[in-house]
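Using the sequences and the hints, build the whole thing.
Chain residues, written in single-letter form:
There are 4 protein chains.
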Amino acid sequence: MAEIKSLKSTGVQDECGILGIAAKCEQEIAHDVYFGLFALQHRGQESAGIALSKGDSSVAYYKNMGLVSEVFDQEKLSIFPYAKTAVGHVRYANKGSNNVVNAQPVVFFGRYGRVALSFSGALINAQQLKDEMLKNGHIFQSSVDSEVLASYVNYCANDDAVSGAINAAKKLVGAFAFVYMVGETLIAVRDGYGIKPLIMGERDGDIIFASESCALEALSAKIVRDVLPGEVVVVDKDRNISSYFFTKGCKKPCIFEHVYTARADSKMDGVSVYESRRQAGRKLAELYNVEADIVAGVPDSALAAAKGYSEVSGLPFTDALIKNRYIGRTFIQPSQAMRENSVKIKLSAFAHNIKGKRLVLIDDSIVRGTTSKKIITLLRQAGATEVHMMIASPMVINPCHFGVDMDTKEQLIANGRTEEEIRQIIGADSLHYLPVESLCEACGGKEYCTGCFDGDYSFDISGYYPEN
Amino acid sequence: MAEIKSLKSTGVQDECGILGIAAKCEQEIAHDVYFGLFALQHRGQESAGIALSKGDSSVAYYKNMGLVSEVFDQEKLSIFPYAKTAVGHVRYANKGSNNVVNAQPVVFFGRYGRVALSFSGALINAQQLKDEMLKNGHIFQSSVDSEVLASYVNYCANDDAVSGAINAAKKLVGAFAFVYMVGETLIAVRDGYGIKPLIMGERDGDIIFASESCALEALSAKIVRDVLPGEVVVVDKDRNISSYFFTKGCKKPCIFEHVYTARADSKMDGVSVYESRRQAGRKLAELYNVEADIVAGVPDSALAAAKGYSEVSGLPFTDALIKNRYIGRTFIQPSQAMRENSVKIKLSAFAHNIKGKRLVLIDDSIVRGTTSKKIITLLRQAGATEVHMMIASPMVINPCHFGVDMDTKEQLIANGRTEEEIRQIIGADSLHYLPVESLCEACGGKEYCTGCFDGDYSFDISGYYPEN
Amino acid sequence: MAEIKSLKSTGVQDECGILGIAAKCEQEIAHDVYFGLFALQHRGQESAGIALSKGDSSVAYYKNMGLVSEVFDQEKLSIFPYAKTAVGHVRYANKGSNNVVNAQPVVFFGRYGRVALSFSGALINAQQLKDEMLKNGHIFQSSVDSEVLASYVNYCANDDAVSGAINAAKKLVGAFAFVYMVGETLIAVRDGYGIKPLIMGERDGDIIFASESCALEALSAKIVRDVLPGEVVVVDKDRNISSYFFTKGCKKPCIFEHVYTARADSKMDGVSVYESRRQAGRKLAELYNVEADIVAGVPDSALAAAKGYSEVSGLPFTDALIKNRYIGRTFIQPSQAMRENSVKIKLSAFAHNIKGKRLVLIDDSIVRGTTSKKIITLLRQAGATEVHMMIASPMVINPCHFGVDMDTKEQLIANGRTEEEIRQIIGADSLHYLPVESLCEACGGKEYCTGCFDGDYSFDISGYYPEN
Amino acid sequence: MAEIKSLKSTGVQDECGILGIAAKCEQEIAHDVYFGLFALQHRGQESAGIALSKGDSSVAYYKNMGLVSEVFDQEKLSIFPYAKTAVGHVRYANKGSNNVVNAQPVVFFGRYGRVALSFSGALINAQQLKDEMLKNGHIFQSSVDSEVLASYVNYCANDDAVSGAINAAKKLVGAFAFVYMVGETLIAVRDGYGIKPLIMGERDGDIIFASESCALEALSAKIVRDVLPGEVVVVDKDRNISSYFFTKGCKKPCIFEHVYTARADSKMDGVSVYESRRQAGRKLAELYNVEADIVAGVPDSALAAAKGYSEVSGLPFTDALIKNRYIGRTFIQPSQAMRENSVKIKLSAFAHNIKGKRLVLIDDSIVRGTTSKKIITLLRQAGATEVHMMIASPMVINPCHFGVDMDTKEQLIANGRTEEEIRQIIGADSLHYLPVESLCEACGGKEYCTGCFDGDYSFDISGYYPEN
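Residue numbers (our numbering), protein chains in the order written: chain A, 1 to 468; chain B, 1 to 468; chain C, 1 to 468; chain D, 1 to 468.
Hints may be right or wrong, so weigh each one.
Since the list can't tell identical chains apart, any single copy or any two copies may satisfy a pair.
Stated by the list, open to error - Result set (DSBU-like, lysine-lysine): computed pairs, CA atoms no more than 35 Å apart in a straight line: (1) K346 - K251; (2) K222 - K374; (3) K237 - K409; (4) K374 - K346; (5) K346 - K24; (6) K24 - K373; (7) K24 - K323; (8) K76 - K373; (9) K251 - K355; (10) K323 - K374; (11) K24 - K355; (12) K171 - K248; (13) K54 - K409; (14) K171 - K409; (15) K54 - K373; (16) K24 - K170; (17) K373 - K323; (18) K76 - K374; (19) K409 - K446; (20) K346 - K54; (21) K373 - K222; (22) K323 - K54; (23) K135 - K24; (24) K374 - K24; (25) K355 - K446; (26) K346 - K237; (27) K248 - K346; (28) K222 - K355.
Note that these hints are calculated values from the structure, not bench results.
In this text the structure is predicted, and so the values were computed from the model without any measurement.
Right under this line is the structure:
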């Protein structure tokens, strides 16, 4: 299939996984980035890239469409030289932007030499920043926020590269985390509300930044701490670490990371994702009393919640659904005969385990509701006599402005509907959602951005988005 | 990387997933084969292929290296015409034979026109059959058993294509299941001991054969019955079904299908694979009493056994390991820093769940033991204070002659070692295996081929293989 | 674009370039085959392949769709081991058979071990041979004559591999040349009329067979002699050469090789192709007297004839057309604006050279006539005042049954038309063809197969083809 | 082969073919660009690209490594919408820069919206311009002059896009031609000395700019005139044409276009390339009297000169060498046996035509001399008794600073050597060069840049390059 690229000015937002390594001495650093990205693969499957800095003189990089394991093979990795400093990226693409031009890291030559930048998040004021630079005579070769950011960070640099990151961060409006490599200096930046995650680790003196702790774990690194809201951490070429704050940060991280996005074995801002999910399940059981025989979770993200539910309710935790592990990225239209229930491609029911049983089914969230309906049908066909749906998060009633790919407000099933109306649409015997307070408690009681559930975004976005 | 093909005469054995559809009327049959193969993907990830018969006049086919979702896309599937009869194949390749020449279905023109054949298994007497045909002036263009079989089935046909299948099957020694499409006739054959699985399903008058019932499920077909040991089932072009026996069959299917190979939601010869595994876990708990805090399984195949163990022992079933879902087919050598424990690429430990706990860890089997050792190290690093290993099958002490890819006898960790010696090598606090009788009971008490565990193969293979 | 392969029984004929090397000692033989094939590329651009024999124990091969330079790169060639014996092939495909399954060399395992065969030509009785082998229980995995031949040569072998070639050759009806590698023995065979070319060369004791002498030249080998009609030349593993005749040969080679197919610098059966073409041009000038200012040839194949014409007529030889050297294999439909004269994609007129001139234009032959018409239009637009067309061969009025890809009789412009009618269609001011006797004289006066011009094929084909 | 990209700041210069179309109404414009680029393919085989403007709202583009016929197929072209305005590019890459990031057209979003630019030439002051923009906070994502130019043209725009082209052109030092598409406006710019060619054509009201007239010819367009040195031609969206001069131009075009670069059927600044070459050959014959039997040219570029020589000298014009038409872009190391004369891969000698003859061989130029030596050896081996070399241009003694890819001064064979010394190195019986005045006369007597021959560049470059 030909992909004729189209250059439009519409901003395209990225959800992604980012990684940066500042090692003490030259090593096979591309291999480490590879395995770190591999552990972040769940954050983005569209493109992958690695850039490393060889002293001050050059940046070597490679990026392409596909999974980490598709983009890189042993031969490609071997071509990368030994080096001390590198960044990597895996990208999740919103519709219409699947193009290698948009792959990251963004690599460029600027005021302070050769630079590579890996960005995750969404800039609400990207167009304003772009307009400012356009007025100053800049050009843009892609339509992604990451190019705007790369250009802006360079544009704002006066004294040195670090000043660029700090000055730019002050002007950025949105949710973001990025790592920024200038020569052998590595700079890590997290937005003022800590909406996007960014964690720092250490392995034998090597400093590592990653979107999630599971990448540190994969590299046998220990967690040092989360980068703080509003913080700029600089690791210089001698590996001295310094910290700056571009704003007085206020922690309100994205709660959807705990609900769905993050990997269960990660720890975010000190809170275990697995434990958050398990606690959410426990709270569902405490809140809602349903007569049933067994409890099951939709794999993979709702299994921990199902276990929590089982612990409190006493209902046996059961495998009700099996997920096909070989789902590719190509969507194939099923034949007419199969179209009745296309979810079968991805999920099969364990008829043996659920036949004749009243089932409590836990899912992490409902966005459009179409999959929920198909899963319930599948379970009934496999013999479940009742299906009681429990959602380990509240109703999603608002779109996310910070880079989580939810549908427009109109497509959200919970938009303007009651729980009962939703129950009827998806065909469950009963339906319960976890209240937002309970979810927060499950996630450690801290302050979170819960905008998609209750409109309480980390900060006031009314100036940037039309009301919808 | 260039792949210069090498033609050698050494027999190459195939483990695979096979599928055949004999539909009542012309339909998007390639799509159905696609989704059926998709559900069989766990049986082979090396190559995939689809062949369909358009009346008597032609066979259209496509096969290539890769996963089903990589080999086929919407465009490729769309080129296939509507048709009534088709076969498909996914291939698992033993070392050194990863070559598109060996991909299946084998498609050829023979005595009774155009034919396509999908084969799973291993022919012990392939060389003898080949020699017989070489003497008769035949040629062979690949080194796989499937070409020998295709040629032999044609060679043995006297009256019609069906006679070829029956006559050939009488002479085949080994474990095999194959579907064989001649014009619009579909023939399904299973070896005399039923070592390889083959099941028949039905959907609105369409007859479907598959290696496992999960493929029938994916196609919304109902199980009719397993093809019997020694049986040849013929579905003619009017979809009349007839059955022949080339030998008085004696059921001794491969027990390793239940232990590892098959998908948990499949039913084989009437026995649920999930239930076999759960029962094996229960039996472990009944047999061995270990002081511990929690029980966990190695994902994915040992989770059902871990649940069974939990039910009987009362130990809480816990998630101790998470599997990376994006493992590609390219193996990348980790960097020096990561080489200490390469299992981290595939598995992460849930430190939160196991810290300070005494853990019972269930695995389905141990072949070489290297992975077990790494997993135990990983769990201890994550904080487990004790790791008690329980294996839901007996010690593997013999190679498989029927197509399961085990190492040579020398490489099997259980070869010539006691349980205690193995325990020390893998570093467990204790180690227990399930006795072969208990495993058989867990699998429904039927007769099974348990050769890899106790040398009791389905039949006497001493004439075919040197003693080792 | 997906290429779903279709297995049909219709015979597909090959025009091709073949090459075989029997070296004295092990060397980088794959490189030599590469450059030999490169010099034969004009004989077939569809697929290319190399197979070499490493002692008796194995055959290594690689073949794929594309030009020699596309199929092989340095890396692929480097994987081939040093060896003494190799064969190669470039393929021209008739419509509908562009499929890697049909690429050559054909490599197989047969009665006398591992074999590779490169074939050029067309077997009129392929179906009969196939039927005989089908009755004997053989199977066929492609639809090309080369597989039939490979199978038949093996089938006919009784004493040894050489006997197979001799016995088979006796039964083959058609035009053919092939090289056949069994272990380190190399066998070269040419049909009883020598219709297809095959020449033997020598370089420091290495024996080389090729379709044309230009391949010998490229390898710095000297011409030894042409393989004779009906001859089988055997080079054994000690490089002893022996010769056999499967029939009393009678030389009637294809005259179209001189007209169009062969490269100008080749010598075929002792006759220089360039000289044949030049003489054809001279004879045109002797026969037809046209008032004109300049003479030009259609590049590349008619340039030699145009020079000959210039020598005799005294008209200045002029460059009137330039050929685009970067024509790819993809055909692109021109835009509406360009459709008026699509020949412009391939040819440009030198307006500077022809403006206001009366032009004699020489072409090698006219098959359908559509290109001739476009060229004449192009020249007139560029300013030629008169275009007198001279064809350096007779009218093509019959299809070729021996593998030259001409249109069906109905599509031949000369079928049922007079010279005057053709002149009007193509829009020339005058039109002259070279009589068949003159063409033969130009080609050295020897006996040739001139079937496409006068129906006088090398032998009686009436039993094999319906009259059309 | 992996291509890990490396971002360095070294300027990379481009020789290229450029094309722009401003059509009256929407049409299949991508097809026209395709065929126009196809005719310019000889100017660059590394990458190809097409960009079109769809109203003001978007630019669609596609570019990739490879020949025009490799980069685009029918499917890719079909995806491009009908449009009125488009630009295209084929790229010749100097060593080390073969990377898709460097492919053109450069497409970006700037002050005046979406823009695409196709550039040919070399900017001597690229680094200075880049430094100026770096100071202003710009970033650069590649290392090619085209990105610098694109950025600078945008940077210099104050009133409108046209002002950017004019203001920028005033500051550019070097040889350049570019077409620049802003919305539906098309702007064509040629350097102040007209070093790089750029011609304007017309077809039914559509305005076309191209590097050479042969592209106009291919599109059935008529030559309007050459763009003048220092001229900016603007075709607005209503297809009104206006002309601006950013400097008082002074015509000194590159004479090497006539010697080698351009296609023989092109007309440059009113002079026929074919005729220039023919006249150069005639002048050689007038100047140097050599006793010989025949004259031949090295194909393809020296054939016209050989004809001119033949006309004056009376020696018969003969085909002495044939060029292999299937040369790919992959270089394969020949085997040991072939290494003696690797030119055989590309050229074969017509032994038949030259045996026993004293030969005058015309070549267009000698740069390093290694090929000349091999060709002379080849001709002698084929039987030529004497080889008298005549070069249709002067000795190349200086590198080109304007984008023609010549070796460094040290590698030029004529650097510091006499004609006699060169003759001995290449092994000719005699050697003669055409004096620079004669060459200029052959090219119409106009002023040319002849810097590579005599150091007389179009303008004083001493401030930009160190003396070497």
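I'd like to know which numbered hints this structure contradicts. Please list them from smallest to largest.
Violated hints: 3, 15, 27; rest satisfied.
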